[in-house]
Amino acid sequence: MRSAFLLREAALLLVLGVMFAAFSIFVPGFYDWTNVFDRTRHWVAAGLIAIPMTFIIATAGIDLSVGSLVAMSGIVLGLLYRDGHWPIGLAVLAAIGAGMAGGALNGAVISRFGIPPLVATLATMALFSGVATGLSKGRPIGNLPASLQWLSQGDAFVLRFGQGIAAPLPFSLLVLAAATALGWVLMHRSWVGRFTEFIGENEMAARFAAIPVPRMRLGIYTACGLVCGVASVLYTGLYATARPDAARGLELEVIACVVIGGTRISGGHASVLGSLLGLFIIGMLKYGLQMGGVKSEYLIILVGILLILTAVFNEWLFTRTGGKT
Amino acid sequence: MRRVITVVSLVAVVFAGRGVSETATPAPTTAKKPTSIGVMPKKKGIDFFNATEIGAKEAGRELGITVDFDGPVTNDVTLQAQMIETWIAKKYDAIAVAPNDPEAIAPVLQKARKRGIKVIAWDADARKDAREYFVNQCTSASVAKTLMDVMAQGVGPEAKYIIVTGSLTAANQNIWMDEMEQYRRTAYPKMSNLSETPKATEEDQEMATQVTTDCLKAYPDLQGIFAITSVALPGAAEALRKAGAADRVFLTGLATPKAMREYVKDGTVKRFVLWNPVDLGYLATYAAIALTRGELQTGATTFKAGRLGEVKVQDSEMILGDPIIFDANNIDAFNF
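Protein sequences, first through last, are from chains A and B.
With the numbering used here applied, the first sequence corresponds to residues 2 to 326, in that order.
With the numbering used here applied, the second sequence corresponds to residues 522 to 857, in that order.
No false leads were mixed into what you were given.
To spell it out: a stretch of chain A is covered by chain B in this simulated footprint if at least three of its residues, at any positions, have a beta carbon under 8 Å from a beta carbon of chain B; those stretches are:
(1) 36-43
(2) 238-244
Which chain B residues stay away from chain A? Per the calculated CB distances, all over 12 Å, these:
(3) Cys-659
(4) Ser-663
(5) Gln-674
(6) Gly-675
(7) Lys-711
(8) Leu-715
(9) Glu-727
(10) Lys-791
(11) Glu-831
(12) Asp-836
Derived DSS-like pairs (lysine-lysine); straight-line CA-CA distance at most 30 Å:
(13) B:Lys-681 x B:Lys-786
(14) B:Lys-578 x A:Lys-296
(15) A:Lys-296 x B:Lys-565
(16) A:Lys-296 x B:Lys-635
(17) B:Lys-649 x B:Lys-635
(18) A:Lys-296 x B:Lys-649
(19) B:Lys-649 x A:Lys-138
(20) B:Lys-632 x A:Lys-296
(21) B:Lys-833 x B:Lys-635
(22) B:Lys-666 x A:Lys-138
(23) B:Lys-578 x B:Lys-611
(24) B:Lys-711 x A:Lys-138
Derived from the structure by calculation, the hints contain no laboratory data.
Where a beta carbon is used, it is the ideal one built from N, C-alpha and C, also for glycine.
Model the full structure from these sequences, guided by the hints.
Given below as structure tokens:
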């Protein structure tokens with residue numbers, strides 16, 4: 002039985018807490034829940050995809066196509082709404098379907114033909130991006146309905162805590178919370194997670210143990226595509242346009258969250274909660290430094306240093322505990 | 522393990538406490554804080570926007586205001602939106618932004634306006650309801666006309682050309698290309714664009730060189746190239762120089778004299794076009810500051826902008842002036 006609250010997650014939470022404390026004390030204007038919550042809207046797409054990416058990396062796989070898939074699904078949504086005159090609800094479903102189809106293609110190529118995930122998704126990354134650019138003729142699609150924008154820009158309810166502290170809680174953040182809960186249960190409390198980690202640890206042994214490895218792979222990549230479709234809806238709503246160049250570089254952001262969260266890039270060990278904490282640590286660091294007046298070129302350097310430090314820490318923790326966390 | 526949890530909960534408790542105490546004691550009425558202005562380019566670290574930064578800082582100095590000039594290091598509108606989110610949290614008084622996309626930047630700009638922040642779009646427009654004024658370098662029609670005329674003088678009225686652009690979604694470039702096509706139909710009907718889809722180079726100079734090199738091979742009867750971003754033109758010039766193709770292909774477009782000086786000196790590029798980016802940054806910043814001081818009102822028809830004098834305002838749009846044509850004779854007179 003694995004402990005629900007592991008050492009690594011606690012350490013990450015501590016880092017996040019200390020960071021938040023330091024920024025609140027030293028950076029004027031940082032401690033304002035309304036602004037912090039506002040900022041989290043921009044993290045939701047990466048956070049959602051980080052959940053299935055945790056599963057993928059746990060199988061020692063990778064998916065580089067997630068950014069392009071978000072762009073392609075968004076364009077499907079925009080085109081069906083603008084040119085196909087579909088009701089927005091159906092267009093949203095079609096976008097999610099397009100994402101799922103893209104993910105299934107990844108899964109099929111990887112599990113059927115045994116193409117390494119890095120190669121397969123590098124190819125589909127170009128493919129999806131090309132389809133998005135081709136379908137939209139390279140131009141963004143605007144004039145989307147307010148209801149779609151509300152999903153990302155709107156608030157679910159006003160959160161009150163303490164005395165007189167009120168912060169509007171973004172609806173999209175609730176979506177992320179729900180998805181994380183689901184991902185956590187699947188990974189840490191069900192056979193899905195056990196099989197996933199087993200495949201990453203030792204694929205041959207997993208096959209001998211009669212785990213349906215190809216079907217698991219297909220399922221995980223398809224689920225990742227589906228989540229990309231959902232993320233594309235929120236992304237399109239957040240920036241009020243469906244864009245062929247949407248989510249450029251999102252794959253690296255997502256992978257960074259997962260790796261900081263303690264999921265091993267070589268597979269076998271996964272932490273859904275860790276990925277989410279990774280997301281918040283990177284986001285909070287960027288936000289706090291920006292508020293503190295650090296210019297964007299130095300910001301990238303500092304984020305890079307953070308990544309190296311966490312990688313070193315994770316490796317150290319892993320060897321020290323003999324691979325138990 | 523236990524210790525870690527204790528520390529975490531301590532941090533949490535401290536914060537809960539902090540929040541309560543802060544609201545329990547009424548915040549001291551802040552003395553009037555100095556005006557703060559944020560000016561954001563499409564992308565940092567390229568010649569054109571470095572030059573606009575000089576102008577922005579100059580306007581700030583003249584009016585005694587510190588200007589925060591910052592932007593993303595890639596031409597990504599979502600990074601711009603996040604940075605503006607930060608500027609809203611910092612309670613800046615005015616924001617002047619050169620958006621990478623007019624629609625996608627609109628929600629965050631509207632949020633800024635709702636919180637009482639004055640918003641100016643410069644270099645490229647934002648959706649009209651998301652900003653007070655747009656500071657335009659010159660009308661898109663005059664940019665398009667100047668470019669086509671330069672091509673006609675360089676190659677002749679039957680030139681076969683292609684267009685090298687930034688990203689396919691860049692609003693300015695798309696408007697200019699539409700205007701160029703319109704002007705071509707009436708003024709030079711025998712000219713032809715060999716590739717209806719422009720060649721994208723993503724504001725990346727090496728990519729522009731690569732793309733241009735490919736085009737020189739792919740279009741054997743190519744006579745002219747328009748490279749219509751300040752990064753694409755020097756990139757394309759490098760490709761032309763390497764291929765030694767300057768005498769059979771006429772290259773022109775938009776870039777800073779600084780980036781183009783060597784290519785004009787060695788004859789790779791004969792003539793190219795731009796406005797004055799220092800003045801553009803100056804005007805945008807000057808207008809933003811004037812808005813916060815109430816010196817510039819909605820619906821104004823003229824605006825006195827420091828050393829630039831009277832600037833015309835039409836439909837909430839200010840126009841800096843006409844584009845300048847640079848060649849070997851005048852290029853040394855410009856230091857941006």
